[in-house]
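Participant: Protein chains in written order, with the working numbering: chain A, 1 to 210; chain B, 211 to 449; chain C, 450 to 776.
Read the hints as simulated data drawn from the structure, not as lab findings.
Be aware that one or more of the hints could be misleading.
[Stated by the list, open to error] The calculated DSSO-like cross-link candidates involving lysine-lysine, where the alpha carbons are at most 27 angstroms apart (straight line), are:
#, chain 1, residue 1, chain 2, residue 2
1, A, K136, B, K313
2, B, K289, B, K313
3, B, K344, A, K136
4, C, K515, B, K344
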Amino acid sequence: MSELLEIVIISLWISGTALLLSLLWSIPIALTLGLRRFRGRGTLISFFNAMLGIPTVALGLILYLILSRGGPLGILGLLYTPTAIIIGQAILITPIIVSLLTSAIEAVDPEIMNLARTLGASERQASLAVLGEARKGGILAGVAAFNRAVSELGIALMLGGGIAGWTRVMSTEIQRATGAGEFLLSIQLAAVLLTIVFALTFLMNLLRRD
Amino acid sequence: MAVLQRLKHVTQEYDGKIVLRGVSLSVRRGEVLSIIGPNGAGKTTLLRIMGLLDKPVGGEVIYRGVKVRKSNAPHIRSKITMVFQRAVLFNTTVFDNIAYGLKLRGYSSDEIERRVGRVLERVGMEKFSKRRAKTLSGGEQQRVVIARALVLEPELLLLDEPTANLDPTNVTIVEEIIRSLKNNAAVVVTTHNLFQARRLPDRVVCLLDGAVIDVGKTDDIFRHPKDERTRKFISGKLF
Amino acid sequence: MLITVLGEWGLNKVVGIMLIAAICSFASLAYIETLRRTEDKLMVATTTSLYDTGLLDVIADRYRAKYGTNLYFIPLGSGQSLEHAKRGDADAVLVHSPSLENQFLQENAGGARKIIAYNFFAIVGPGDDPTNIENLSPLAALQRIAQVKATWVSRGDNSGTHMKEKNLWQEAGFDPTELRNDWYLESSSGMGRTLSIANEQRAYTLADMGTYLKFHRNNLIDLEVLVSQGKELLNVYSVMAVNPSAHPYLNFNDAVRFIEFLVSSEGQNIIDEFGRSEFGRPLFYPAVELLRENTDPQLVSWIRDYAFFENSECPPRYRLGQEELYE
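Bound-form chain A, shown alone (with noise of 0.2 angstroms):
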């Protein structure tokens, strides 16, 4: 039980680090596609709508080849760490991210940004006060996309090479032990996997509801 326990830890680790890495860059994005107008927006926004199904596999073996000890950021050492995960993970689910709160910014209301100007907010205030309102597709977006991070199995694999006690997140150990024959293992994992995915769209409806 207590590798079962740690398991989900580093799961909810990795993927939870790589979400918050992810708003890092993906706000700050999903903020200037969704108030800005600029040449290229429209198809950087198709290209973030498209990236939103990239296979993790695809996106696994690119980083892998990138990461890999003969690959152009060898020099790290980063293969097979929790932070190649996480990075990974972080790179996967900025589409998602990026996509729906643009979506969510977008349908606010324009004059908010005018109005928190004419209220004394400077313009990253004014910003924040549209983030603010957007923020039931910003909780969707969120929940989400850590709900991708930590189902996903590909870059994990990968990236991380499930390494016991290391890297070995929910998804690698059920797909290894399903291979090993080590069913009762799986199942738990299964059902902790879809009880966490469960319960947080289940609070993000709480949340959501006014």
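With chain A's structure known, arrange chains B and C on it following the hints.
Facilitator: Relative to chain A, chains B and C alone:
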């Protein structure tokens, strides 16, 4: 009376279409100034420039004798507050809506509580503090957005058609509030309601097709319009 | 509800809390990374058939207790393990595919190879054996399967087991690259899944003993071992250190110590003991003493034919200066 804000030959265009053509006017401390004119005359555009929300393509805006530039605009903007024609509200409580500007200015929460309470009393909304702002009626919403502007004690308050969508009771309440402000601030009100233009302001600016065609004391404008088009407009023939 | 929460906390505080959470989680990440980087660790790319039995966990525990070094095993399959090692992503490899290992040595990608264990693959199939291959020689069994077009599930994943299987088909007179058809399926997955597919399809397949016993004992499959005798089914596991000349950051010294541990009597005993209590028989047989003392000349000659290169488990030019391993 001292001039608070002056506009010099302000020109504005949207999508290549000229909306304001060399507008010059001044706002004095302690007065209520009305900008009147038919729909599409450029009243809202003018107000947004006065509120430093939009930058004009030509001309200049001078505030307290200082020319407005990109660098000093945020600072000057904190002394000016604008209320849009449509009540734009944050999706929060009435209290949080009104407290927003105070929070930005770094007031303590006790001070915020006190000021919000006072302004709510002034607009007769003290019972609605905890209500979600967007669940209020149109007249109540309008009072909230005015309260939200008032609480900041601006030097210059810009109101865009503040009573356009209100029933007579609320119109009276809002006009009372505007009149009571005169001692502390300059108030600019746009309106296409000639009755309001006649009873509310000290001075009137008449705007037509993006140009100022007449300026003067309310009585002078309504009794002795200098411009032929003003005469037509105030007798209701320009609509 | 969110309105209330945000109303009481304010957006700034929510953003603040998020930032603090981010800082905490990055700090813990940095802390753990530095901790792991300063500790002694050895990355070993290995085959799934070995990994899934649990033998490597036992070895890792004993090794850590003795040397304080953590062994990180990455289960990949033999082909993939060697590719990863070539790129410098592992310090050592533990695989079972002599032909690929030979290539690996010739490319100077690694060396100091030691054969550590052996066992036998098995051809498994439905208990009633509809094709009647039981007790045939391995090659005759394959020929019979091909002749009657009995369903066969191939790993198809370039693992050591898959390489072995391809060799068997070749020796039996077939070209494995042309075999894929309606009775010859490729699962492209690990041993466990391949066994499950064979079980569902009432098919035959080549299995490693460890995975087969585990699945059979847990009643996940009712396939039976039909052919398990013969030189052709020999399965030999060896360990190699990755050549540090191409990848200077590799932990070569620990890799050599790991090899020494595996060939020591302590390491060999772990291999010998493993599985006896759980399966009632060993899953792997230690190879070091057998090869040194030549206690079973026939078996030794099979191993030499199958897994020796130039009459040696590691020709001198590939020993990376670790001659004492071969005394």
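Participant: Are A/K136 and B/K313 close enough, with their CA atoms no more than 27 angstroms apart?
Facilitator: Satisfied, since the Cα-Cα distance of roughly 22 angstroms is no more than 27 angstroms.
Participant: Keeping to a limit of 27 angstroms between CA atoms, is the pair of B/K344 and A/K136 held or broken?
Facilitator: With Cα atoms ~16 angstroms apart, B/K344 and A/K136 stay inside 27 angstroms; holds.
Participant: Straight-line Cα separation of B/K289 and B/K313 no greater than 27 angstroms?
Facilitator: Satisfied, since the Cα-Cα distance of roughly 15 angstroms is no more than 27 angstroms.
Participant: Need the status of pair C/K515, B/K344: alpha-carbon distance at most 27 angstroms?
Facilitator: Judged against 27 angstroms, a Cα distance of about 69 angstroms means the pair is violated.
In the structure shown, a violation is registered for the earlier hint numbered 4 alone.
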